[in-house]
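Please put together the full structure from these sequences, using the hints given.
Next come the chains, spelled out residue by residue.
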Amino acid sequence: MSPASEAVLASDVWKFHGDFPALRGVSLRTERGTCLALLGRNGAGKTTLLRILAGLSAPSRGDVRILGTAPRLPVTRRRAGYLGHGIGIYDELTARENLLHFARLYGVENKEAAASKWLERVDLKRVEDGRVREFSRGMRQRLAIARAFVHEPDVLLLDEPFTSLDDRAIHLLQNLLREAFARGCTAVLSTHQLREALELATNVALLDRGKLKFAGPRTQAMLDLPPSIYFETETEG
Amino acid sequence: MSKREKWVYALGVSGTVLLIVNLYRILLVLGDEMQQGAIYRIIYFHVPAAFIGWTLFLAALVASALYLWKKDLAFDGFAASAIEVGWVFCSINLVTGMIWGRIIWGIWWTWDPRLTSMFICWLLYGGYIVLRSAIDDAGQRATVSAVLAIFAFADVPIVFMAIRWWRTQHPSPVLETGGLAPEMRLPFWLNVFVFLLIGLAITLVRVDQEDTQRELEGLRRRAF
Amino acid sequence: MRGVWAIARKDFQSELRSKEAINASVSFALVILLIFSFAFEPTADETRAIAGGLLWIAFAFAGALILNRSFARELQNDCLDAVIASPIAGWELFLGKALASFLLLLVVELICFPVFSIFYGVNLTKAFWPLLLVLILGTWALTALGVTFAALTVNIRLRELMLPLLLYPALSPALMASMTLTTSLLTAGVFGANDQPWLRLLVGFDVIFTALALALIEFVLVL
Amino acid sequence: MDKRNFLYLFYGLTLAWGLLAAYLFILMQRSRKLRAEVDRVKRMVGDNER
Chain A
2 MSPASEAVLA
12 SDVWKFHGDF
22 PALRGVSLRT
32 ERGTCLALLG
42 RNGAGKTTLL
52 RILAGLSAPS
62 RGDVRILGTA
72 PRLPVTRRRA
82 GYLGHGIGIY
92 DELTARENLL
102 HFARLYGVEN
112 KEAAASKWLE
122 RVDLKRVEDG
132 RVREFSRGMR
142 QRLAIARAFV
152 HEPDVLLLDE
162 PFTSLDDRAI
172 HLLQNLLREA
182 FARGCTAVLS
192 THQLREALEL
202 ATNVALLDRG
212 KLKFAGPRTQ
222 AMLDLPPSIY
232 FETETEG
Chain B
677 MSKREKWVYA
687 LGVSGTVLLI
697 VNLYRILLVL
707 GDEMQQGAIY
717 RIIYFHVPAA
727 FIGWTLFLAA
737 LVASALYLWK
747 KDLAFDGFAA
757 SAIEVGWVFC
767 SINLVTGMIW
777 GRIIWGIWWT
787 WDPRLTSMFI
797 CWLLYGGYIV
807 LRSAIDDAGQ
817 RATVSAVLAI
827 FAFADVPIVF
837 MAIRWWRTQH
847 PSPVLETGGL
857 APEMRLPFWL
867 NVFVFLLIGL
877 AITLVRVDQE
887 DTQRELEGLR
897 RRAF
Chain C
2 MRGVWAIARK
12 DFQSELRSKE
22 AINASVSFAL
32 VILLIFSFAF
42 EPTADETRAI
52 AGGLLWIAFA
62 FAGALILNRS
72 FARELQNDCL
82 DAVIASPIAG
92 WELFLGKALA
102 SFLLLLVVEL
112 ICFPVFSIFY
122 GVNLTKAFWP
132 LLLVLILGTW
142 ALTALGVTFA
152 ALTVNIRLRE
162 LMLPLLLYPA
172 LSPALMASMT
182 LTTSLLTAGV
192 FGANDQPWLR
202 LLVGFDVIFT
212 ALALALIEFV
222 LVL
Chain D
18 MDKRNFLYLF
28 YGLTLAWGLL
38 AAYLFILMQR
48 SRKLRAEVDR
58 VKRMVGDNER
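Protein chains in written order, with the numbering used here: chain A, 2 to 238; chain B, 677 to 900; chain C, 2 to 224; chain D, 18 to 67.
One or more hints might be untrue.
[To be verified] Computed from the model, here is a short list of chain B residues facing chain A with C-beta under 7 Å:
(1) Ala814
(2) Glu893
(3) Gly894
Derived by calculation from the structure, the hints in this document are not laboratory data. As the structure is a computational prediction, the values presented were derived from the model and not from experiment. C-beta: ideal position from N, C-alpha, C; glycine also.
Printed below as a string of structure tokens:
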């Protein structure tokens, strides 16, 4: 364990697409065991920031630390879980093979046990040998959640996790996240589904055109009237 | 007028003036070469075109490596410009070579080592230009084409070596021209210099366009 | 190295299950061999003199189908992101993919070899082991360049068209070497006196481009 | 000078410089188009921000 207390630390992160600044000097810090909801309109830079945190993209300027180390280092990536827009599972493989493959990539000690455990958790145990191609939408989404959790990550980076999920999967993901927070896991999630996200979040950050407009703890007022966060912070800015 | 525009004009004008002086010497002062007649004069344009093409490809290699290191899109713009202009000079080299071959060898094209390797390189860098046009995101375009430029240049010496061994059993139609006669040396190297000036001027124009293009892409994204 | 095996194994497994690329590739190679028989008198002695060339043209064209799939396979469901976010290094991903494509290409080639031998009346057993060596070296050259270029072109429009456009000119030295060596093995049964430099060139090509790909692949994956 | 060869020399030089001129022409066109496009988009952005 590194001595740094921040799970996620971004200092003055800039990202350019050509001349266009997708992120403009974003600085963030998230303590361990907290959940940060990343809000903002389309094109505000949420996905770009999450991709940088996940090591899928390098910042043009600035520095990012996950659990005290650079995101692109294998040590860091082993402890981080990422669930992007796509579900990231293979259609030709069975549910079990998918989990085993990712467990192998993450260097999980006991692959079989981990795969079994997570198939159980997302309630896919009885179809574990079915090809993903034959799965329904909801089943695939649950498998994707299991895929992101299979190596028991300490930091979860979730890009719009609730958007394409059905009610059952949303419920499942919320439970899994709560459990994970209980054991000290940190999450950063970008979202449009304000209510689902705000129920979980301990902190909120608002991005607007690549700039951090607001960052702070989630308040009761936000929970009572979720869209209010946009108005409140806009008048502040 | 920006500093770059001044350079473009300076290079372009001095290149053109030198070219006219040199053309006069080449066409009217120098006599015909004994075996080849008037056509030999094409080497004053054919060979320098190849030189400048290669110089620009080499410059593009350096700029591409620098881009991967520094991630500064200015290097990418330069690499793309240099390769495009280098490719045009490469085409000039091929076309003039074909016309010379028609007279001296009696055929437009022969799969001679030099011709073949030049043609392969022309295809290789042509692929680079097509590839760039197929990618929309500036950062991705820059990275992908930088890697391709490095691969392409690494390929060049191997292509040269391989082609030289290829089909060695065929009689070589190359008419060895030997070294340049002393009075031909000056106009020849002067022409290399002229091509260098003109090549640089065009590359700068092209770099300017790359900058504008980048600005445009930035503006477009801002508009949405 | 663990990542290499994981990737290679997954790719090989999913290809054997769907057989999309391998079926297309084998049929394409056979069609090419058929079409060549129109252009040249198949059993004449002169044809034997260009047999190596025919064979490698078929392999190179059919191989592009397999190489195209190697990274395109990761596009569905954005699997590529999930793989890059996992703790394996870029070179592991490249080697894993290359290994899987290499084996698949070898399978295609070993299916085509006997067919070619029958249709064109060429005796392959005369120099089987040297032939296998050339096959392995040439196929690795095709794979190393092909997988790198597949990684370069995976996210762009016209992916299927771009790969051959870039691949064949760059591959030409390796193709020449493979063709020359195969032809001399098919006609003489042994490596000729002039073949040593070609063999060295092929090995050099493999080494140089594998090293370049390993060094540069990380740049291509993390933008 | 050899008449026939001279003709081909003429072709060669015309082609060489013709290619270069054609490329320059394309470059000029591209420059003009780019500039027009930049102006257009700038106006658009200006409207957006007003």
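We went through each hint and held it up to the structure:
| no. | hint | verdict |
| --- | --- | --- |
| 1 | Ala814 | holds (3 Å) |
| 2 | Glu893 | holds (5 Å) |
| 3 | Gly894 | holds (3 Å) |
Violated hints are absent here; each numbered hint is respected by the structure.
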